[in-house]
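S.K.: Going down the list, the sequences are from chains A and L.
FYI, the working numbering numbers position 116 of the first sequence as 116, with every residue one higher than the one before it.
FYI, the working numbering numbers position 216 of the second sequence as 431, with every residue one higher than the one before it.
Calculated from the structure, these hints are not laboratory results.
Remember, predicted model here, so these are calculated numbers, not experimental data.
Glycine included, C-beta positions come from ideal geometry on N, C-alpha and C.
Do not take every clue at face value.
Examples of chain A residues toward chain L, derived with CB under 7 Å [unchecked claim]:
no.: 1; residue: Asp37
no.: 2; residue: Gly38
no.: 3; residue: Leu75
no.: 4; residue: Ser76
no.: 5; residue: Asp78
no.: 6; residue: Gly80
no.: 7; residue: Gln113
no.: 8; residue: Gly120
no.: 9; residue: Gln122
Given next are the chains, with one letter for each unit.
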Amino acid sequence: MTVTIGKTELQNMFAQAAAQLRSENRRLSELDSIGGDGDHGTTMLRAAEQMEAWPREPEDESLAALLKAVGWRVLSIDGGASSSLLGTFFSGMGDVALSRDSMDATQLAQSLQAGLHAVGRQTKAKPGDKTMMDALSPAIAAASAAAEAGKAVPKVLQEAAAAAQSGAESTRNLVARYGRARSLGERTRGHPDAGATSIALIFKGFREGVNNAGS
Amino acid sequence: MRMKKFINDPQNLVSELLEGMVLAFPKKVRLSGRNILARAVPKESGRVRLVTLGGSGHEPGLSGFVGKGLLDYSVAGDIFAAPGAPRCMEAIRTACADGNSALLVVLNHAGDVLSGNIAMEMALREGCKIKMVLTHEDIAGGPNPDDRRGLVGFFPVYKVAGAAAERGASLDACLEIAGRMERNMRTLAVAVSTATHPSTGQPIFELGDDEMEIGMGQHGEAGTGRMPLKSADETAEIMLNMLLEDLGVKSGEQLLVLVNGAGATTLMELLIVFRRIAHVLVDKKIKLVRSAVGEFITTQEQAGFQMLIARMDPELIELWDEPADAPFFVKQ
Numbered sequence: 001m002t003v004t005i006g007k008t009e010l011q012n013m014f015a016q017a018a019a020q021l022r023s024e025n026r027r028l029s030e031l032d033s034i035g036g037d038g039d040h041g042t043t044m045l046r047a048a049e050q051m052e053a054w055p056r057e058p059e060d061e062s063l064a065a066l067l068k069a070v071g072w073r074v075l076s077i078d079g080g081a082s083s084s085l086l087g088t089f090f091s092g093m094g095d096v097a098l099s100r101d102s103m104d105a106t107q108l109a110q111s112l113q114a115g116l117h118a119v120g121r122q123t124k125a126k127p128g129d130k131t132m133m134d135a136l137s138p139a140i141a142a143a144s145a146a147a148e149a150g151k152a153v154p155k156v157l158q159e160a161a162a163a164a165q166s167g168a169e170s171t172r173n174l175v176a177r178y179g180r181a182r183s184l185g186e187r188t189r190g191h192p193d194a195g196a197t198s199i200a201l202i203f204k205g206f207r208e209g210v211n212n213a214g215s
Numbered sequence: 216m217r218m219k220k221f222i223n224d225p226q227n228l229v230s231e232l233l234e235g236m237v238l239a240f241p242k243k244v245r246l247s248g249r250n251i252l253a254r255a256v257p258k259e260s261g262r263v264r265l266v267t268l269g270g271s272g273h274e275p276g277l278s279g280f281v282g283k284g285l286l287d288y289s290v291a292g293d294i295f296a297a298p299g300a301p302r303c304m305e306a307i308r309t310a311c312a313d314g315n316s317a318l319l320v321v322l323n324h325a326g327d328v329l330s331g332n333i334a335m336e337m338a339l340r341e342g343c344k345i346k347m348v349l350t351h352e353d354i355a356g357g358p359n360p361d362d363r364r365g366l367v368g369f370f371p372v373y374k375v376a377g378a379a380a381e382r383g384a385s386l387d388a389c390l391e392i393a394g395r396m397e398r399n400m401r402t403l404a405v406a407v408s409t410a411t412h413p414s415t416g417q418p419i420f421e422l423g424d425d426e427m428e429i430g431m432g433q434h435g436e437a438g439t440g441r442m443p444l445k446s447a448d449e450t451a452e453i454m455l456n457m458l459l460e461d462l463g464v465k466s467g468e469q470l471l472v473l474v475n476g477a478g479a480t481t482l483m484e485l486l487i488v489f490r491r492i493a494h495v496l497v498d499k500k501i502k503l504v505r506s507a508v509g510e511f512i513t514t515q516e517q518a519g520f521q522m523l524i525a526r527m528d529p530e531l532i533e534l535w536d537e538p539a540d541a542p543f544f545v546k547q
């Protein structure tokens, strides 16, 4: 059972999240073609590359620095709003007082909260608007609740992943109220949002990364 | 239908088009960092720099307007996608070097605004003297300005703010001019046929053979006015009346009118449309003081046009008339 997330676990979480995005990239582009220009999968492939590119000597870096660096690399891919928000989320996760080498369940929840806060400063989208916020916001609420209830790191990520998944699924019945798809209105109903689906995949990868690394 | 475009590896579209721009206009522009276009001869130190950012595939916008009297730096994103904040930051750092100040012009599209805001936060933290102006003049977005996209209105903003910067106006004065131009302009777009995304080969939207859509943005974002195809005169009248009403133009006022081709609409059509706009303005006793017809921002081979009207005061007219020398806009 993983008690804390160290650098190996963090690297593994991002690698597994990248693997999830890779395996689903075609579906992500298909979903995006309904409300957007159909390139979300390709953008997430490029984000995945950056999530896997880890410094050679991670031991020299603090956890916060590693999170800020992965965020910066994702921001650098020029992938429009989705990569800007994802990069902001990752780098925001490093905008909190973390121990240098490991984080426990409480710190993980705080780090995720900080990531959500950073995203919230850059977008006015709220849950219900059929955007990535529909998966991100419940995922982080679930992680915080699990940490507060004294649950361990794997359980915190498991509950976050489950909440992200049902949040992404809930966008199927929503009409886009934000972003490029907004103007399509009713035409967007019936399919989950591509950005929310990506967030669910990333949290699924985070969960698997921790389970594979230390269970 | 198979995509018929003269391209090479779709991965290299942006770098190759910018390389072409530099090779075609070596006395005007050069590359400064990856996919950042700069003036061949930097502006004199002490004058405000104009920086912009935005997706590619819209040529000549935005990078084609780097040059004297207009932009200093253009950060080009991927096809239809905003450049990331790190490269915008790189351009801002260069623009603000040696204590110079800069005005960042951002078109209201989600990705562009995100990159602009993130870059602005970092730039201000680093002590750069920079301010940002957001263009959002597309009336199809509804009454809330946040929902209005930035269409071809970037051009008059570059033009008047660029001329003011060239004259040595302060950053605050350039911002005031840019803001005044922005508040006094309105745009509406119409599309009659789709464009192909040059990376994916897919059409960016679907439109019936006998349909047109008023309110279509420059990325195929849907508008609200899908209707049977109409004549040039009827289309011009519908759109002009919507714009005049939204801007609240009264008889006796002075307007700039700009008609921008979306890519596949011919200059013949644009001129026929313009002619009708001019007639209607005469009927309404509104003065057409300045005009522009041509391609400023395109969406590949999308057919349609954007109509912009702007209320002009003597100072804006004077700045509009100042010389400019960019690859795709020259004024003596």
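S.K.: Output the indices of the hints that this structure fails to meet, ascending.
M.R.: 7, 8
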